[in-house]
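Chemist: Construct all of the structure, not just a fragment, from the sequences and the given hints.
Protein chains in written order, with the numbering used here: chain A, 1 to 225; chain B, 1 to 247.
If you're looking for bench data, these hints aren't it; they were derived computationally from the structure. Note that beta-carbon positions come from the ideal geometry of N, C-alpha and C, so glycine has one too. Where hints are given, some of them may not hold.
From chain A, some residues computed to sit far from chain B (all C-beta separations above 12 Å) [unchecked claim]: (1) L21; (2) S48; (3) S52; (4) I71; (5) I166; (6) A169.
What follows is a set of in silico ranges between Cβ atoms, one per label pair, in the way DEER data are often shown [as the list claims (entries may be wrong)]: (7) L85(A) / D74(B): 42 to 48 Å; (8) P211(A) / E190(B): 34 to 40 Å; (9) F186(A) / D136(B): 54 to 60 Å.
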Amino acid sequence: MNYRFDWTPIWEQRDLILSGLWMTIAVSLVSLAISIVIGFVVGTGGASGSRSARLGAALFVDTMRNIPLLIHMYIWYMALAFLKLPAFACAVLGLSLYSGAYVAEVVRSGIGAVRRGQMQAALATGLTRIQAFRFIIYPQALRIIAPSLASLFSQLIKDSSLASVIAVAELTYEAGAIEGQTFRTFEVYITISVLYLILVTVASQLVMLVPGARNDASSARFADA
Amino acid sequence: MSEAPIVEIRDLHKSYGATPVLRGCTMNVNRGEVVVVCGPSGSGKSTLIKCVNGLERYQSGSIKVEGIEVGAKDTDLPKLRSRIGMVFQHFELYPHMSVLKNLELAQVHVLKRSRAEAAERGRQLLKRVGLEAKADAMPVDLSGGQQQRVAIARALALDPQAILFDEPTSALDPEMIHEVLQVMTELATEGMTMMVVTHEMGFARRVANRVVFMDAGEIVENAGSEEFFSRPRTPRATEFLSKILSH
Ligand SMILES: Nc1ncnc2c1ncn2[C@@H]1O[C@H](COP(=O)(O)OP(=O)(O)OP(=O)(O)O)[C@@H](O)[C@H]1O
Ligand SMILES: [Mg+2]
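Modeler: Listed below in structure tokens is the structure:
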């Protein structure tokens, strides 16, 4: 192969790449925040004693997870067109629902892994159910699920590239644009791959900052506690 | 004594689906009394004691704690529970918090004491159960007996009117049972009201005022402990006692 790498056009388009990078970060962060909220609400419902809450949670999770993300993007873009919502909001909505369903499953399993007696002990001291979740159940569940959350969040960042199909000017979208102008296909996609790699690494390291998540000894001790 | 009982259970019925677990239980726990509840496995002891602080619901009958109906819709359960301590078979200390934090949590968030006040009271109680040196330890680093003493201190931290114990020593190695029973005996001596599910008949004989014997969801005997051990009235209690005392 005789391909000669030429990085100058990429460097000349650095403003576009940077603005795409910021947009990727913005879409990912907002979707991340919303999917965490969705995940904790739905996941807690899925772990609850109430049959209807469990049913509702399962229905949400199965529906949202089983629609391909690409279809999510199109559906919300079309469906919300009459609201004149910006593509950004539609992408965030699709990503949040899709990835929120995965977070919900992880949260549900994390809550299930906390000893049942912990909730009883907390309630017995007069804590309300909400306080018990906040101080006793979630902190323990979070340590258990931190690695799974880290990989879900990495997935979410990569998935945000699909926002390009509804013209959200994020990294992948800008890459396409630059490639169209410069024809430096390899250089463009190598560049954005490296950027995705950096984003994903930073994000998963941040999740592992959850107290105790990185401490193998303590999570092993939790398991048999 | 004319004072109303702290716990008043009347004709309590509970079932899981079609399976009846409690079938018309009636008993009281008076202020300052130690009542031991015993009976074969599956007889409903845990279920009964968990109904008292509303951890389990019941279908009919009534439980009053300090005159308040536990099952009533408008009962403030958190408040009621904060006045009744509970100690579990498997300790249930919060594994992600230090020993002292375990003792502080409900004081701060339920009783609204300041952190400093809660810590002070926590240390006081750790001293009382002989574990002041362990304030900053994590629960997992304590022995079972030590964890259960911390759990008792956690219950005491709310200055409860009574404490419920559900088999507090049956998850412990034999050499640790004594240290926990010791703490419980001291509590009883100081006049704490206690309802204790246990198979420790030595404790029941020495410390309990009354023994309630359950079988198949019914309270079969409810007698002074002296009387229960020397003259059980029913064949079922006699059989239970001979089995449990023979080993
Ligand atoms: N969540 C539940 N669902 C269905 N049945 C239950 C449940 N919890 C307890 N039971 C049943 O209720 C009965 C009474 O249980 P309980 O735990 O109160 O007995 P126990 O006297 O405390 O026994 P043990 O000495 O083994 O602790 C048992 O037959 C048990 O199988
Ligand atoms: Mg039991």
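Chemist: Are the hints correct? Go through all of them and say.
Modeler: The hints, checked one at a time:
1. Every C-beta of chain B lies more than 12 Å from that of L21(A), the closest at about 37 Å, which supports listing it as non-interface.
2. Against chain B, the non-interface label of S48(A) holds: every CB pair exceeds 12 Å, the least being about 15 Å.
3. Residue placement check: S52(A) keeps its beta carbon more than 12 Å from all beta carbons of chain B (closest about 17 Å).
4. Distance check for I71(A) against chain B: the nearest CB is about 40 Å away, which clears 12 Å, and the non-interface claim stands.
5. No Cβ of chain B approaches the Cβ of I166(A) within 12 Å, the least distance being about 42 Å, so the stated non-interface status holds.
6. The Cβ of A169(A) lies farther than 12 Å from every Cβ of chain B, with a closest approach of about 43 Å, so its non-interface assignment holds.
7. Checked against the hint of 42 to 48 Å, the C-beta distance between L85(A) and D74(B) comes to roughly 44 Å, which is consistent with it.
8. Remark: the range hint 34 to 40 Å for P211(A) to E190(B) is upheld by a beta-carbon distance near 38 Å.
9. A hinted range of 54 to 60 Å holds for the C-beta pair F186(A) and D136(B), which are about 57 Å apart.
In terms of the numbered hints stated before, the structure departs from none.
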